[in-house]
Amino acid sequence: MFIKTAKKIKSVSHLYMLLSYAVILCVLGTHYLVRNLGYSVDDSFITYRYAYHLKEGFGLVFNVGEAYYGTTAAGYAVLLAVMSGVGTYFCKAFNIAENSIFDVPSVSIAISTIALIVIASMFPVIARAKSDWRQWLLSLFAAMFLFSSYSFNEVAGHETYTYLAAALVGIILISYFRAYMSGGVFLAVSVTFRPDAILFFGIVPVFDWISSGVTLGDYFRNRHVISFFTIYIMMLGLWFTYLAYHFGTPLPGTMAAKKAQVALGYWPLYTPTTLLKYLLTSIGITGLIVAVVGITNFVREAKVNIFSNPDTRSENFLAGTWLVFGLLSSAAYFSFNVTFWNWYGVPILFSILIVAFVGWVKLNRLVVFAPIWINAAEIRIKSIVGVLPLIILILLGINGAPKLMEWIKTRNINLHISSYSELVDFIHKDSPSGAVILMAEPGSFGYHLGPKYTVVDELGLISPGVAKALVKGDYLWARNKWNPKYLICSWKGNYSACHNNSQDDAYEFVGEFNRDFWTPYINSGAKLYRLKSTTD
4 MFIKTAKKIK SVSHLYMLLS YAVILCVLGT HYLVRNLGYS VDDSFITYRY AYHLKEGFGL
64 VFNVGEAYYG TTAAGYAVLL AVMSGVGTYF CKAFNIAENS IFDVPSVSIA ISTIALIVIA
124 SMFPVIARAK SDWRQWLLSL FAAMFLFSSY SFNEVAGHET YTYLAAALVG IILISYFRAY
184 MSGGVFLAVS VTFRPDAILF FGIVPVFDWI SSGVTLGDYF RNRHVISFFT IYIMMLGLWF
244 TYLAYHFGTP LPGTMAAKKA QVALGYWPLY TPTTLLKYLL TSIGITGLIV AVVGITNFVR
304 EAKVNIFSNP DTRSENFLAG TWLVFGLLSS AAYFSFNVTF WNWYGVPILF SILIVAFVGW
364 VKLNRLVVFA PIWINAAEIR IKSIVGVLPL IILILLGING APKLMEWIKT RNINLHISSY
424 SELVDFIHKD SPSGAVILMA EPGSFGYHLG PKYTVVDELG LISPGVAKAL VKGDYLWARN
484 KWNPKYLICS WKGNYSACHN NSQDDAYEFV GEFNRDFWTP YINSGAKLYR LKSTTD
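The numbering used here puts the first residue of the sequence shown at 4, with every later residue one more than the last.
If you're looking for bench data, these hints aren't it; they were derived computationally from the structure. Some hints could be false.
[Claimed, not checked] Taking lysine to aspartate or glutamate and the DMTMM-like style, the derived pairs with C-alpha atoms no more than 20 Å apart in a straight line are:
no.: 1; residue 1: 495; residue 2: 45
no.: 2; residue 1: 535; residue 2: 519
no.: 3; residue 1: 495; residue 2: 515
no.: 4; residue 1: 455; residue 2: 157
[Claimed, not checked] Pairwise CB distance ranges, derived in the manner of DEER restraints:
no.: 5; residue 1: 248; residue 2: 527; range: 39 to 47 Å
no.: 6; residue 1: 67; residue 2: 265; range: 24 to 32 Å
no.: 7; residue 1: 401; residue 2: 274; range: 31 to 39 Å
In this text the structure is predicted, and so the values were computed from the model without any measurement. We put the beta carbon where it would ideally sit given N, CA and C, even for glycine.
Model the full structure from these sequences, guided by the hints.
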């Protein structure tokens, strides 16, 4: 009778905590969505334009009629096109005013929100929280950090959060539930969102084999393992075949553009120092303490035997996988010698978060509450020690509360994505039938300009052949190839097409646009030049 009553109490307690956690996630997710609607970084608009053109029937391209693989998120662009298309169709079918709810950027923000909700919903699963209120509270702290931290808001709408969510779910399905086929599906999908996720194809089987305790031969004869490799290879084989057919190559041309950026010498390089500065700036002193305590505790157990305890094997598998991914990912970028962008640092920060979280989960289990037959004094002592890790975490959380309040009170705004609005309006009126424009930031400008216009990236990210020419020092290659009607100058790097206009005086100066935004950066508005010999 007593055992049945205790189990019933635990069951009710588990349900109550689960429902409470779900409600809090919905509140956090709703605020995240509202806070970030209308926000994106310029780089994301490159993928948005691919998605918009696919949705409108022009194909998966940046410029209509030009199939160049200039995004690392082609699969994510497909997802955006499908979701946006379905939403638009739904509005038309039921005569509902769309009001931009289902435009590509808004759909992308919604997907980022869902991705973070999915990640946060995995925390209690990782901790095997059940009716342990300490693990639920720990999961809540992790969820609040996830939604409110700068790093998980600064690229809202970017593919980064979605590929991390897909990879996390895939690994949990394999490590916790031994669901190899469904795990393989999620891991394969994550690669289509971001090629970096291909690293898991090597890491996950290695950790799975080590944790299984069987010989390598027996491991590869396991039908579940065979199903994982089969579905993973089949899905990515089909995906890469499609990319090769559509773009002429299964690999994006973005790496060549990053090499060109290095050659131009304007942006910071991806170095250990740059990455460390980003991580420290992102998490602050409080986050650093939390991370160090969690990771130290995880490493402490790993030194003994990371897979010795069957009850903790899954979480060790998970944390070990993300730890190795973070190390290999950063090492790969170091070796590539490319420029550093903040969304390159987010996966490393996420790896730290997962490993630290597992470490804190273990810390919570170091001392459990005393059995009822121990005397009252011992119960009090063990109870205090048992919640000590959470007391430390709560105190650190209070120290970080101002950042949470700032997140609650503010909206995320990026004026950069509207910094070409005047230029877009002018070109629409000056060349209503379309034109070719050469400039350095093709993202938001190209998306708002529309499909009739060809935007050539003078830095080579979305335009074929440009990056290779820049590395060779041929700065006029893009201008000579496309013969653009317009040149736009909006950055002060080592090279701009506008800087070479004086050589042949082929372009006339039209004017400066969006001065309020650009003057603090380039001491003028964005400059527009028009080809003298061309008239509508």
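Against the structure, the hints come out as follows:
1. Distance restraint check for residue 495 and residue 45: the Cα-Cα separation of roughly 17 Å lies within the 20 Å cut-off, and the hinted pair is therefore satisfied.
2. About 28 Å separates the Cα atoms of residue 535 and residue 519, which puts this hinted pair outside 20 Å; it is violated.
3. Pair hint residue 495 plus residue 515 holds up; C-alpha atoms about 15 Å apart against a cutoff of 20 Å.
4. The suggested pairing of residue 455 with residue 157 is violated, with an alpha-carbon distance near 31 Å, which exceeds 20 Å.
5. Restraint check, residue 248 to residue 527: a C-beta distance of roughly 45 Å satisfies the suggested window 39 to 47 Å.
6. Our hint of 24 to 32 Å for residue 67 and residue 265 holds, since their Cβ atoms are close to 31 Å apart.
7. Restraint check, residue 401 to residue 274: a C-beta distance of roughly 35 Å satisfies the suggested window 31 to 39 Å.
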